[in-house]
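Working from the sequences, and respecting the hints, build out all of it.
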Amino acid sequence: MILDVRQAGFCYNPRQMIFSDISFSLDEQEVLCILGPNGIGKSTLIRCLANLYPLCAGSIRLHGENIGSLPHRDVAKVMGYVPQAHEIVFPFPVREVVLMGRAPHLGFFASPGRDDYAKADDALNLVGIARIADKPVNEISGGEYQLAMIARALAQEPEILLLDEPTSHLDFGNQIRVLEIIDRLARKGISVIMSSHFPDHAFLSSDNVAIMQHGSFMAYGPAENVVTEENLKHTYGVDVSITYSHDVARHVCVPHKAGQCRCRNVQHPECVTAPKLLVPAAR
Amino acid sequence: MTAPSSWKSSSVTGISGAAARLRAMVATPALGTILVYCLLPVLFFISLFIGRYDVDPVHVIQLLVAPVVNLFPADIIHINPVWTATEENVIYQIRLPRVIAAILVGAGLAIAGAAYQGLFKNPLVSPDILGVASGAGFGAALAILLSWNMMMIQLSAFAFGILAVAITYLLSRFYRTTPTLILVLSGIIVAAFFTALISLTKYVADPYEKLPAITFWLMGSLAAVRYSEIMMVIPLFLVATAILLLIRWRINLLAVGDDEARALGIDTKRMGQVIIVCSTLITASAVCIAGIIGWVGLVVPHLGRMLVGPDYTRLLPVCLLLGACYMLIIDNLARMLTSAEIPLGILTAIIGAPFFAYLLSRRSVGWI
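Heads up: the sequence lines are chains A and B, in that order. Residues in the first sequence are numbered from 272 upward in steps of one, following my numbering. Residues in the second sequence are numbered from 359 upward in steps of one, following my numbering.
Since the hints were derived computationally from the structure, they do not count as laboratory data. Some clues are possibly wrong.
[What the hints assert, rightly or not] Result set (SDA-like, lysine to any residue): computed pairs, CA atoms no more than 25 Å apart in a straight line:
hint	chain 1	residue 1	chain 2	residue 2
1	A	K504	A	K528
2	B	K479	A	V360
3	B	K627	A	R344
4	B	K479	A	R318
5	B	K627	A	F380
6	B	K479	B	M664
7	B	K627	A	C282
8	B	K627	A	R318
9	B	K568	B	W506
10	B	K568	B	S557
11	B	K479	A	L377
12	B	K479	A	F379
13	A	K390	B	G615
14	A	K348	B	G615
15	A	K390	A	E299
16	A	K348	B	T671
17	A	K528	A	Y507
18	A	K504	A	G486
19	B	K479	B	K627
[Claimed, not checked] Away from chain A, derived, C-beta distances all over 10 Å, residues of chain B:
hint	residue
20	V394
21	V426
22	L529
23	I556
24	T559
25	L576
26	L661
27	T696
[To be verified] Part of the chain A face toward chain B, derived, beta carbon under 10 Å:
hint	residue
28	I359
29	M371
30	A374
Keep in mind the model is a prediction, meaning the values are calculated, not measured. Glycine is no exception: its CB is placed at the ideal position from the N, C-alpha and C atoms.
In structure tokens, the structure reads:
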């Protein structure tokens, strides 16, 4: 167990908790996916985990030590944080941005050496963007930027990677590519906590899923137990079907249009009367 | 570490051909480094040769090498003084201190400006963003009004410059969030306050003697600089510059944002304090010996970025050199253009503003 969160709560002012009573723990190589509607505090939770905001209640223990009492530098050696996309004003080349991930390993007056450049290049190769290493960071696409941010976090050589909606702003292909990279990192021994808006992503690449609702975890556990039709209806207010797809050998999450019936489930009266033309054939 | 070809390919969009060529040329390690690093010594000697009092160029060279050469035993090599006492005086007591001061002031304002632009994540920031120039201006104006001597005027300028920044910083501490934005706002407040105080001192000053003195001081000049003043500011100046140069890679990290920098293990508050203290000491030193000189701290970092890119490991040393060169050129023009000396603050803007406008029109700055 690397990270242990107990009854964590955060507030900007004491009367209004953003979230409270959140407890979970993270093991080596575990991928935890946090789902939840907009504005529920997923990003805030991740920032708290990265020790950017101090908790109001509870504790976050990193290797058994309270994270608030650790210097930023020591936390940064263990945890890499990938923020949501934003703009960097100055046109740093991508390699320089990735190199910044070496900061926690360098002294206050030190500049990165050959070893650090090598590690930055390794990180670039790992996420597959070595070919754009010399491009200015404000001239690359959103997907490349996200990968560059992940590479920078990897250059920190972290044990835990915190990703704040790593797939937002990305096209369909890049979303899957980022998830594959996260998968690969987990197999290499890095634990991952990421927030996402896509329940499907939880099936794609995570061990545990937490659904955040009303300022706390509404459900927490293995993806198959947590990402259920009831939970998603409760969280997002939309109907979905969770079915097992033999094609991809995992569960998939398919949203319904409003009022569309679910003919697999015969207790709906309209399903009984409607001709069963649209039932998907199981292989 | 970056091959010239990759620089070219990386600067296709947004950067004009001329700037790209210049950048590619300068990014070529040998040629570029020689170009930038040779400019300063060349300008240094040119500045000593020119001036209103006509000194024989041969005498200038002899004067300059004599103190070194004459350290050797006289029977090996010796330069006999063929120059006049006036010539020696002009070179060693007037031109040399002035040239040294120009180098210090230009280099200092440029590096302070570059550091602030990184700290505030804003390419439009200049070294007086936190009110140091207004504070120093008021300190000097007050001292002139009270008929203090030259030494006290400079000390007062220095002290009030520091005081203004201290007030700015303390004001910003009242707020817990977005400290850089609040810092800028506090700087505007403090600068406005001290500018009003400058106006007040001007208003009450004797219009025939004190008022011109205050006005000229505020426009900036290196005409009156002597060794004693240089010696006064140089220790602080060197220490602060050395610290900025040592942490220059970390200034990169601040430029990407507070939260991200902290996630990368940077104590952003401490870094901000170090940069503010160093830049303020440098700027206050420059202002107290030269008066208020704008534009250098804003324009030179951009010139540097066009030459070597935004990476502070290369940008800060280049800023030092370019700032010194820019100030030397401006000061030479101030001495030579007209029979009466033109104040520096006027020339930096008259030359700097059109030049900067030209650079902008060529879209040769990478951050637009």
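- Query: Which of the stated hints cannot be reconciled with the structure, identified by number in ascending sequence?
  - Reply: Per hint list: zero violations.
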